[in-house]
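With chain A's structure known, arrange chain B on it following the hints.
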Amino acid sequence: MSDHNGTWWIWKVFWILLVITGVEVALGIVKPEFMLTQVIGTSILNILFIVLTLVKAAYIVQIFMHVKFEKKGLKYALYLPTLILIPYLTFILLTEGSYLFQ
Amino acid sequence: MASSAEMTQEENNWGGGSRPLGSRYGKLMMWFFLLSDALTFSGFLTAYGLMRFKFESTWPIAENVFTHFPGLEGDQPLLYVALMTFILIMSSVTMVLAVNAGEKMNRKAVTNWMLWTIVGGFIFVGSQAWEWYHFIIGDSGAVETARQEILHIYNEEGERLSFSQVIHGMEEGHASNHGEMFTKAEVLSAMKSNEGMYLMEPGKAGEAFTHERSVALLEAGDVVQGANMIHNEYGQKQFANFFFFITGFHGFHVFSGVVINFIIFYNVLLGTYERRGHYRMVEKVGLYWHFVDLVWVFVFTFFYLV
Chain A
174 MSDHNGTWWI WKVFWILLVI TGVEVALGIV KPEFMLTQVI GTSILNILFI VLTLVKAAYI
234 VQIFMHVKFE KKGLKYALYL PTLILIPYLT FILLTEGSYL FQ
Chain B
60 MASSAEMTQE ENNWGGGSRP LGSRYGKLMM WFFLLSDALT FSGFLTAYGL MRFKFESTWP
120 IAENVFTHFP GLEGDQPLLY VALMTFILIM SSVTMVLAVN AGEKMNRKAV TNWMLWTIVG
180 GFIFVGSQAW EWYHFIIGDS GAVETARQEI LHIYNEEGER LSFSQVIHGM EEGHASNHGE
240 MFTKAEVLSA MKSNEGMYLM EPGKAGEAFT HERSVALLEA GDVVQGANMI HNEYGQKQFA
300 NFFFFITGFH GFHVFSGVVI NFIIFYNVLL GTYERRGHYR MVEKVGLYWH FVDLVWVFVF
360 TFFYLV
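Residue numbers (this note's numbering), protein chains in the order written: chain A, 174 to 275; chain B, 60 to 365.
Next comes chain A alone, as it looks inside the complex:
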């Protein structure tokens, strides 16, 4: 972290996280009509919520947990298992679980 001066970069991420959460809560309360259109099995609003969540998660992992500044080897050691296994787990559970709906 020697490449950082001061604490401004921490507060920058704080404001980003706060604003995204604020937007999520506002959308969750208002639920704008035009965002409730169904695409790929759910509403546009839900897809937006998931995208915003992933953005928040990326900021927490990259900056707060400092992964952005780690060596390439450690980045791969952390990102590859999560980015392969979690989508795979979701995919296999939802496809293999489809018999529940028959």
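Just so you know, these hints were derived from the structure itself, not from any lab. Glycine included, each C-beta is placed from N, C-alpha and C at the ideal position. Incorrect hints may have been included.
Reference excerpt, derived from the structure (chain B facing chain A, CB under 8 Å, subset only) [unchecked claim]:
| # | residue |
| --- | --- |
| 1 | Phe145 |
| 2 | Ile146 |
| 3 | Leu364 |
What follows is a list of derived Cβ distance ranges for each label pair [said to hold, decoys possible]:
| # | chain 1 | residue 1 | chain 2 | residue 2 | range |
| --- | --- | --- | --- | --- | --- |
| 4 | A | Val196 | B | Thr170 | 32 to 40 Å |
| 5 | B | Arg206 | A | Ile189 | 24 to 32 Å |
| 6 | A | Ile265 | B | Gly228 | 50 to 58 Å |
| 7 | A | Thr180 | B | Asp281 | 53 to 61 Å |
| 8 | A | Leu209 | B | Leu94 | 30 to 38 Å |
| 9 | B | Glu230 | A | Val212 | 29 to 37 Å |
Then chain B, alone, in the frame of chain A:
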């Protein structure tokens, strides 16, 4: 970060002392633990999603369940959980500030920021306890049919009624039962005497029943107030089980995080890391604490927003 060993010749790679990940043992082990924990939580949340799709017509809509805010009456969807999220993000920020101060060997600042992190963690656990309390004690009450399906009571205007409103009337009754308990006989006689009341499934696009059918369903069934592992008034009973399990497991992480933070804080006070010459322990618990925040970001989305 310590500079990695400079390799100029290939044989040096076999001589030991090489650090390809540029990270120390303790931090790597913390990361591998967090990786496995991330998979555990993703398993829980995926299972939640699967069950929710399966029981869509009876799955409660979160904003109809978590509507309380301390000191405010009526429906306040999402407000309280937004506050909890803010508290956790804030305590994550104070944790980064503590780690940052640790790298500059600034003991006073580490002490200060660690203390704020612990305070934030305590407030979050307390808020969760408050949320659980209101979830368990219940709100409007519901009818559970003989087939163990949860149905909610509505009037002819299509407004959801609490037991309090069903029995005491719209003027006298409260939108929440406020802990007042009602019997099946009371609810049944009130429903029989009011032709406009009917039952409806709690989920998105749930089915509504006629008045006669509703009375028959209640006669064969029972009334439920509040939530536990067997019954809950909000809808599909698995909703409560997932709620208790996932937020409980996360809350347990927060609690253990607070305990670990406290131990590290105590060592900072004793000057242990000052004597050791580095504050890497603060960095390691920092990783754990950020992970707790990270999981909450996902729980917040999949339990409360989606």
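These are the hints, each one checked on the structure:
1. With a cut of 8 Å, the hint placing Phe145 (chain B) at the interface with chain A holds, because the nearest CB-to-CB distance is about 7 Å.
2. Interface hint status for Ile146 (chain B): violated, as the beta-carbon distance to the closest one in chain A is roughly 11 Å, over 8 Å.
3. A distance limit of 8 Å between C-beta atoms decides the matter here; for Leu364 (chain B) the minimum to chain A is near 5 Å, and the interface restraint holds.
4. A hinted range of 32 to 40 Å for the beta carbons of Val196 (chain A) and Thr170 (chain B) is consistent with their spacing of about 35 Å.
5. Our hint of 24 to 32 Å for Arg206 (chain B) and Ile189 (chain A) is violated, since their Cβ atoms are close to 48 Å apart.
6. Here the CB-CB span from Ile265 (chain A) to Gly228 (chain B) is close to 53 Å, well matched to the stated 50 to 58 Å.
7. For Thr180 (chain A) and Asp281 (chain B), the hinted distance range of 53 to 61 Å is satisfied, since their beta carbons lie about 58 Å from each other.
8. The beta-carbon spacing between Leu209 (chain A) and Leu94 (chain B), approximately 36 Å, falls within the hinted interval of 30 to 38 Å.
9. Hint check: Glu230 (chain B) to Val212 (chain A), Cβ distance near 45 Å, so the stated range 29 to 37 Å is violated.
Figure legend: structure checked against the earlier numbered hints; hints not met, in rising order: 2, 5, 9.
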